[in-house]
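**Q** The whole structure should be built from the sequences, with the hints applied where relevant.
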Amino acid sequence: MERQNPLTSALQSMGIISLYDNENELEHLKAIKELEHEYSWKVSELDLKLINGYYHSDGLKADEVLQTPFENYCVTKIGDKYELFKIGCSYRPVVVPFKENLEIKQWLEEKLEHVV
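If you want our numbering, it's the position in the sequence shown, counting the first as 1, plus 5.
Please note: incorrect hints may appear among the correct ones.
Claimed, not checked - List of simulated lysine-lysine pairs, DSS-like, C-alpha gap at most 27 Å: (1) K66 x K110; (2) K54 x K91; (3) K104 x K116; (4) K104 x K86; (5) K54 x K116; (6) K116 x K86; (7) K66 x K86; (8) K86 x K54; (9) K116 x K82; (10) K54 x K104; (11) K91 x K47.
Unchecked claim - Derived CB-CB ranges, DEER-like: (12) L117 x K91: 30 to 38 Å; (13) L107 x G64: 27 to 35 Å; (14) K82 x E105: 30 to 38 Å.
Rather than coming from a laboratory, the hints here were simulated on the basis of the structure. In this text, a Cβ means the ideal position worked out from N, Cα and C, and glycines have one as well.
**A** See below:
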């Protein structure tokens with residue numbers, strides 16, 4: 006079941022927050038979020054839109070959005086840089102430092118080793 010952030014959904018329906026909503030970008034992000042691993046939670050379409058909107062305001066685009074096995078955390082790739090987002094806990098995704106989330110950092114490093 007896909008988790009919805011009720012506060013974000015309410016603000017969106019009232020028109021208080023606007024979302025970057027380019028259908029091609031959304032399809033790209035949907036494809037990225039489909040991983041071979043099944044986790045107990047899923048990155049919602051709304052969270053993907055909010056993450057893409059976060060970068061769009063700076064003229065950037067997320068190359069990848071990786072769902073992690075850690076609920077409410079996903080990793081984005083911009084060029085050769087990775088950022089950790091905490092999602093679903095407020096009206097917008099929040100970038101959090103890897104140094105405060107060492108388990109997630111270790112998970113990402115192991116995942117990247119398998120790619121190389």
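**Q** Could you work out which of the previously given hints the structure breaks and list their numbers from low to high?
**A** Hints 12 and 14 contradicted; others consistent.
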